[in-house]
Amino acid sequence: MRITFERSGGFAGLVRSASLTSDDLSDTQRIELERLVEESSFFELPADLSGDRPVPDDFGYTITIERDGTSRTVTTTDTAAPPSLRGLIAWLTATTRRKGPA
Amino acid sequence: MIRCIIPPHMFESIAENGSPLQQQSAQSNLVMSAQLREERHEAPGAPRPPGAAPEGKQRTVYTAGNGTNLPGTRVRGEGEGASGDAAVDEAYDGSGDTYDLYDQAYGRASIDGSNGALISTVHYQVGYDNAFWNGTQMVYGDGDENLPEAERLFNRFTKSLDVIGHELTHGVTQHTADLVYLGQPGALNESFSDVFGVLVVQRKLNQAATAADWLVGSELFTENVAGSGIRSMKAPGTAYDDPVLGKDPQPAHMDDYVNTSSDNGGVHINSGIPNHAFYRAATELGGFAWEQAGTIWYRTLTDARLTSQASFQQAASLTFTVAGELFGAGSAQQTAVVNGWNAVGIDPVGGDDGGPQPSGCLPFARVIGGLVARG
Numbered sequence: 000m001r002i003t004f005e006r007s008g009g010f011a012g013l014v015r016s017a018s019l020t021s022d023d024l025s026d027t028q029r030i031e032l033e034r035l036v037e038e039s040s041f042f043e044l045p046a047d048l049s050g051d052r053p054v055p056d057d058f059g060y061t062i063t064i065e066r067d068g069t070s071r072t073v074t075t076t077d078t079a080a081p082p083s084l085r086g087l088i089a090w091l092t093a094t095t096r097r098k099g100p101a
Numbered sequence: 000m001i002r003c004i005i006p007p008h009m010f011e012s013i014a015e016n017g018s019p020l021q022q023q024s025a026q027s028n029l030v031m032s033a034q035l036r037e038e039r040h041e042a043p044g045a046p047r048p049p050g051a052a053p054e055g056k057q058r059t060v061y062t063a064g065n066g067t068n069l070p071g072t073r074v075r076g077e078g079e080g081a082s083g084d085a086a087v088d089e090a091y092d093g094s095g096d097t098y099d100l101y102d103q104a105y106g107r108a109s110i111d112g113s114n115g116a117l118i119s120t121v122h123y124q125v126g127y128d129n130a131f132w133n134g135t136q137m138v139y140g141d142g143d144e145n146l147p148e149a150e151r152l153f154n155r156f157t158k159s160l161d162v163i164g165h166e167l168t169h170g171v172t173q174h175t176a177d178l179v180y181l182g183q184p185g186a187l188n189e190s191f192s193d194v195f196g197v198l199v200v201q202r203k204l205n206q207a208a209t210a211a212d213w214l215v216g217s218e219l220f221t222e223n224v225a226g227s228g229i230r231s232m233k234a235p236g237t238a239y240d241d242p243v244l245g246k247d248p249q250p251a252h253m254d255d256y257v258n259t260s261s262d263n264g265g266v267h268i269n270s271g272i273p274n275h276a277f278y279r280a281a282t283e284l285g286g287f288a289w290e291q292a293g294t295i296w297y298r299t300l301t302d303a304r305l306t307s308q309a310s311f312q313q314a315a316s317l318t319f320t321v322a323g324e325l326f327g328a329g330s331a332q333q334t335a336v337v338n339g340w341n342a343v344g345i346d347p348v349g350g351d352d353g354g355p356q357p358s359g360c361l362p363f364a365r366v367i368g369g370l371v372a373r374g
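The listed protein sequences correspond, in order, to chains A and B. With numbering that gives the first Met the number 0, the residue at position 1 of the first sequence is 0, and numbering never jumps. With numbering that gives the first Met the number 0, the residue at position 250 of the second sequence is 249, and numbering never jumps.
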């Protein structure tokens, strides 16, 4: 499984992009990620989950998952994402989080 | 509807400081201005029974308790003492400072013009480095509070007063021009929020345009970040240049306009262009930026000729038109507006301002000129 994740927007307008494959992860991380992908029914989600009206300074997310020769891209936002997808977004956000020098 | 109203604070100043004849004239204009404002406020909704309108600020601050439920648990209401929670008290005080700018400088009663409630929620989620306006209220995260101090990049988002002014202004825009949050109208929406955000700070500090730092979010970065703020209106593109966060991507000129699909078409990037135009106009005029330049921008934002789909060109042309209506054609104020937009590669003169020209409005400069001549 390969995931490409981009977070854009927010008050600061900082774009964060990251891609990772299952091979990059520990067993514990991989099992958690697969659970969250299942929980979200990711491959059955509509491609555009951005909501009717953009929320100013909302984070925008574009997530692409490739698995077993199938690829799906979903675009959503912090406030418009369905509850089932929030766990995956939170996991990807935490995993790709930028930290200071220490 | 009558649309060209001279900023009431200018009449207030004359009414206090002018000669007897100037004061008399200004007083009568103040009364008329107040009536017109009331008319504008009442216009969109149903008639309100006398005495039913809320008076003054109506602030309530809630905590999400690090969750996502909005508005969450009520912590502090209007007139209640400090809570001791910095985020709660900053949201409360900052909403008040923003209310005061709109009320005292522009005669606008709260976000909706009808003294509507100012609702804030703090402590939203965990490690949430953001603030937003959800169409009804302001929401603030605590930054990187859950990381070790040495790894933190962001402080809590209520720490910068201009962030609070920025979010509330999204509410004002929603109730007025309702600029679509995409592409150029989206970048204008962002820019108006940055403009009035920094004006809240400058007014709070009683700071002249030339003395201000013109930074947006200067308290948001921790000392681990090589940056002075999130955006610079004085020099877009120079606010930060950091090994972890990268470099501030804002352009200061149309030549460098960024075409992108991300961030709703780069609304937080291309806002640098109108931001810098405002900075140039305000610093050319000198004095307090919220008075002349701020009034021109406020009147533009709330003018029905500014459509929800407005381009930079259309907004620029309307600031030129509005400056002419308020201060007179060829006035120093209108010239500063022209120079400001020219500096970012936009010519506001004679362009399409998005609407028909009004008639029957007395230019501000002629009113003042007449008063001075009689005095």
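Any given hint could turn out to be false.
Said to hold, decoys possible - Distance condition first, Cα-Cα at most 25 Å in a straight line; then the derived SDA-like pairs of lysine to any residue:
hint: 1; chain 1: B; residue 1: Lys246; chain 2: A; residue 2: Thr76
hint: 2; chain 1: B; residue 1: Lys246; chain 2: B; residue 2: Val257
hint: 3; chain 1: A; residue 1: Lys98; chain 2: B; residue 2: Gln57
Stated by the list, open to error - If you want a taste of the chain A side facing chain B, the calculated C-beta under 10 Å gives, among others:
hint: 4; residue: Arg1
hint: 5; residue: Ala11
hint: 6; residue: Gly12
hint: 7; residue: Glu33
hint: 8; residue: Arg34
hint: 9; residue: Glu37
hint: 10; residue: Pro55
hint: 11; residue: Thr78
hint: 12; residue: Trp90
hint: 13; residue: Thr92
hint: 14; residue: Ala93
hint: 15; residue: Arg96
The hints are simulated quantities; they were obtained by calculation from the structure and are not laboratory data. For glycine and all other residues, C-beta sits at the position ideal for the given N, C-alpha and C.
Evaluation of the provided hints:
1. B:Lys246 x A:Thr76: Within the cut-off at roughly 24 Å; holds.
2. B:Lys246 x B:Val257: Distance of about 14 Å is within 25 Å: holds.
3. A:Lys98 x B:Gln57: 38 Å, violated
4. Arg1: Violated. Min distance 20 Å.
5. Ala11: 5 Å, holds
6. Gly12: 3 Å, holds
7. Glu33: 23 Å, violated
8. Arg34: 20 Å, violated
9. Glu37: For Glu37 of chain A, the interface hint is violated, since the closest Cβ of chain B sits about 22 Å away, which is over 10 Å.
10. Pro55: 4 Å, holds
11. Thr78: Hint on Thr78 of chain A: holds, closest Cβ of chain B at ~6 Å, below 10 Å.
12. Trp90: At 13 Å from the nearest chain B Cβ, Trp90 of chain A fails the 10 Å test, so the hint is violated.
13. Thr92: At 8 Å from the nearest chain B Cβ, Thr92 of chain A passes the 10 Å test, so the hint holds.
14. Ala93: Constraint on Ala93 of chain A satisfied, holds at 7 Å.
15. Arg96: At 7 Å from the nearest chain B Cβ, Arg96 of chain A passes the 10 Å test, so the hint holds.
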